[in-house]
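Asker: The residues making up each chain are set out below.
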Amino acid sequence: MTIRRVLIANRGEIAVRIIRACQMLGIETVLATSEADRDAMPAHLADRAVCIGPARSTDSYLNFRAIVTAAKATGCDAVHPGYGFLSEKPELPDACASEGLTFVGPTGDHMRKMGNKIAARKLAREAGVPTLAGSEKVSSATDAAEVAERIGYPVMMKAAAGGGGRGMKVVHDPSKVSDAFAAACAEAESAFGDPTLYLERFIANARHIEVQVLGDKFGNVIHIGERDCSLQRRHQKVVEEAPAPGITNALRQEICQAAVGLARNIGYENAGTCEFIFDEDTRNFYFLEMNTRIQVEHPVSETITGIDLVQEQFRIAGGERLRFKQSDIGFRGHAIECRINAEIPERGFRPNAGLIQTWVAPAGPNIRLDTHCHPGYIVPVFYDSMLAKLIVYGSTRSEAIERMRRALELFAITGIGTTIPFLHFMMGRAEFISGQVSTHLIDDVMPDFLSQNTAAASGAG
Amino acid sequence: MSDGLSSLKEEDVQRLTRLIESLDASTFDYLQLRVGDLEVTIGKRAPALTGPATPTYVVPPSPLGKTSVGAAPTTPAASSAPSSAASGPPPSLQTAPTPPARATPSGSGAASTAAAGTIEIKSQIMGMFYSQPEPGSPPFVSIGAEVKEDTTVCLIEVMKTFNAMTAGVKGVITEICVKNAQLVEYGQVLFRIRPS
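Protein chains in written order, with my numbering: chain A, 1 to 461; chain B, 1 to 196.
FYI, nobody ran anything at the bench for these hints, they're computed from the structure. A hint or two may mislead.
Coverage of chain B stretches by chain A, computed from C-beta distances (three or more under 8 angstroms per stretch; other residues unrestricted) [claimed, not checked]:
(1) 120–128
(2) 161–169
(3) 177–189
We put the CB at the ideal spot given by N, CA and C, even for glycine.
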């Protein structure tokens, strides 16, 4: 391992996750923290913490100059960005390269190629990967209406610089194009600083399937299998699992090979994820985008393959060849991840911050919890609402679901509202148990969840 | 109380003075002494309330010791040698701890009042601290220097961008808390100034 000391430019559970990987590899850790996080768990687990700015992330976690300065001044030879924040901003790997620091991730060029979703669609087509019927950049509502007419309603408007579900609007008929265009433009501008939009055919009965890839600096690319992340609300993932249920092995192979082909075509290095939309009605899949970072849901792939993806990120960044051939990767059993968020499901998943009074987490064989929370931790108001990722393994999917259901029952958090009751409800739903997952399932079952809660509340007096 | 005070001998006063001096030189915030009926509390700031207000995450020491070079887990340490030399092992992370400036949250400016009548000037950005405009030139300020609100006291460098910091208050520099060419964290105390 050529990397000896790494600066971790992130917070929360992923900072803890990266520190743990470093502890296993014997890499020293320096954590860049905001003022709000300087007393949180990651700052105590790291060998050293450096407060790089105030709570507001634009002045701390998003300040790549401060991060590079802190890395140099503390004698680090590498920077790990985690996910979110600067993880897909080419400025950070570029600045690292010019300062002689190893960036634990792809190059700035890879990020630029995949960061613009219009350009990424083009690269996918060049690699022979199917994409949805759609458009290049649409520059006006009139333009958008013309394209929509050509590809057929409903259509999805998306931000070229997009991600995380922001700047996305579904348009069902021509009368709504103008309003949706204006709203999506404004959202894209505020979220990404770029109002450019494009259109894609909207698939109503869809699943979200993505493929984990790993590439080294020598042109070797393999996949670590696929994940199903169909359970979403407001285009944000809630439950993820691997392998994807209810698809044939032939289709699985086809999707995974498409991802490898695309990554290989651009000489991709380090960990990345190709996202696809799967049309349940036609059984076809289409490329959506590529995420050039480690993802929140990476543990489900780790669980069924036994590979520590974050450790592999460090090995690849350190210049090692991939330690595995594709044929070395074995897939075993089933893994499910639930995102435990500080949100109140009954109130439209409204986030809530505050003091965690009780935190008693489930444990035991085949249960993994990635978190930065503990009793007495105050969830700050400045960042996203994720508290923990609960990951379970089962030899079969139904065993994994049952284990998750039990684990959620045993998870006791007081002081703040969490998504645990909703996740527990989801694990018991027939649609989920039978593998009939789709991107609209959460919206479909929400009324039942709400009426069940009302009934329980009135029953309790 | 007045009985207690009048009963103090010259010798006692001298002892107290010594205690104050040693406290002043130490990193402790206050000292509490109880001898018989007499109780003395000397402090630079208010004594801490009993018991932590909110439990924070503390890493207990491992009986096997740490495998990697570990700094004290509770206080982020400042690097003594911000060397960027490529060869040789990186500088140890185990260096003199800098107390993170969390006791006195800064208000609108970077300055906050400490109990001893001085004002703490905190860094408003993280970066490299430079006490002089360029190598070889005299420092912007030294101990005893009189400063005005707009007197430049140091430079903070972030990736070749130098940010001049001003005193923000009128007074006399009583302490320079960091070394030249040292990494300073956001909110770290750089100077203490006795306002005038």
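Asker: If you look at each residue in the segment 161–169 of chain B, do at least three have a Cβ nearer than 8 angstroms to any Cβ of chain A?
Answerer: This one is violated; 1 residues, fewer than the three required, reach chain A with a Cβ under 8 angstroms.
Asker: Given that the segment 120–128 of chain B was listed as covered by chain A, double-check it with a C-beta distance under 8 angstroms for 3 or more residues.
Answerer: This one holds; 4 residues, not fewer than the three required, reach chain A with a Cβ under 8 angstroms.
Asker: Taking a Cβ-to-Cβ distance below 8 angstroms as contact, does the segment 177–189 of chain B have at least three residues touching chain A?
Answerer: It holds: at least three residues are needed, and the segment 177–189 of chain B offers 5 whose Cβ sits within less than 8 angstroms of chain A.
Hint compliance for this structure: hint 2 alone is broken.
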